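Q: Sequence:
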Amino acid sequence: MMRIAILTALLFLVARAPAAEAPTTPEGFALPQPGRRFVFPRDHGSHPEFKIEWWYVTGHLAAEDGRRFGYQATFFRRAADRSGGVQIYLAHMALLDVKTGRFLHQERLNREGWDAGASATTLDVRCGPWSLRLAQPDVLQLAGSVRGEVLFEFELRPVQPLVVFGKDGVSRKGAEAGAASHYLTFPRLATRGTLTLAGEKLRVQGESWMDHEMSSSQLAADQVGWDWACLQLRDGRSAMVYRMRRADGTADPFSTLAWVQPDGTVQHAGAGDFTLTPLAKWRSPQSGAEYPSGMELGALDPATGQRVRWRIVPLARDQELTGRITGLAYWEGACRVLDEQGAEIGAAFLELTGYAGDLRRDLR
-17 MMRIAILTAL LFLVARAPAA EAPTTPEGFA LPQPGRRFVF PRDHGSHPEF
33 KIEWWYVTGH LAAEDGRRFG YQATFFRRAA DRSGGVQIYL AHMALLDVKT
83 GRFLHQERLN REGWDAGASA TTLDVRCGPW SLRLAQPDVL QLAGSVRGEV
133 LFEFELRPVQ PLVVFGKDGV SRKGAEAGAA SHYLTFPRLA TRGTLTLAGE
183 KLRVQGESWM DHEMSSSQLA ADQVGWDWAC LQLRDGRSAM VYRMRRADGT
233 ADPFSTLAWV QPDGTVQHAG AGDFTLTPLA KWRSPQSGAE YPSGMELGAL
283 DPATGQRVRW RIVPLARDQE LTGRITGLAY WEGACRVLDE QGAEIGAAFL
333 ELTGYAGDLR RDLR
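Here the sequence shown is numbered in our numbering, starting from -17 and rising by one per residue.
Derived by calculation from the structure, the hints in this document are not laboratory data.
This one's a predicted model, so the numbers in the text were calculated from it and none came from an experiment.
For every residue, glycine included, the Cβ atom is placed at its ideal position computed from N, Cα and C.
Among the hints, a few may not be true.
Claimed, not checked - Now the in silico label distances, taken between C-beta atoms and shown as ranges:
#1 G130 with R216: 34 to 40 angstroms
#2 E182 with L282: 43 to 49 angstroms
#3 T103 with A229: 39 to 45 angstroms
Can you make the complete structure from the sequences, with help from the hints?
A: Structure below.
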């Protein structure tokens, strides 16, 4: 979902956008429209008519010796004006070593040019030496590193169809027209490749999740952040949930839970049909922010018709990304999914934003 506060903090790097003759937004950027027909591979690429866009990959991996890892690779694009003359690219990479609990992360920032960019005809986005590209119709290649200690090259293949979240192709985040996105997702990507950690080269494999969103704004006036999670269940299903948080702590009515069947069929549930409740609290020694430490998802399971209360439990408490460039912080981390009896029924990633500061200044 994600995750545009980081890029909005970079506005000082670009000129104020001029007014357009017939703007869709006050700055002249497009708004997501119902019924849009997506054409691939073109729509895997960049959409400069929208102000903000991101490609977001998270995953769980295991080495041949049994060591487990969680990873994140994200690429953000932000346009300075409707002409598309200036584009800013920000990228984040992170790795969790589950055994040691060590969490490493890094960010890069570049203007569009020789060191950063994204194709408008296919998936091919880069920021410095980091890149995500569509190498073949069903093969993605991801290359990244973290602080000189981690180097990885992964190949990702969809094992579940691409899905489009939201009613008629529009994922609403609030009542305002601009609080929406086109939200495309590969819920399951078989992942394999090499991970070099502290000079040791490991062969790894596992499963990843990839989001691609395009929008021109997301938060409504009374929203301060969101709690988001993706779940990959052992029964072959997947799920995505986001709880848009208001300033008074309540959930916005546009919060959503989406169940994804193995064949790619999506079933949406509204804000009144589920709960997302913190399990505990954790205070960051870096930012000082207090985050939920895990979440309980309460919902009606469409597979059984029964109400479930599943726990999304972090594999390490400290998985906060603190941007040295942007100065913004959020929590994004690898988790496991437990049922009411404590049995592990899946893997997850959890994202928590707006706890290290009100996002409205950046997203409005």
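Q: Starting from the range 43 to 49 angstroms, see whether the pair E182 and L282 falls in it by beta-carbon distance.
A: holds, 46 angstroms
Q: Starting from the hint 39 to 45 angstroms, judge whether the C-beta atoms of T103 and A229 obey it.
A: holds, 41 angstroms
Q: 34 to 40 angstroms was suggested as the range; check whether the CB atoms of G130 and R216 agree with it.
A: Cβ of G130 to Cβ of R216: about 36 angstroms, so the range 34 to 40 angstroms holds.
Hint compliance for this structure: every hint is met.
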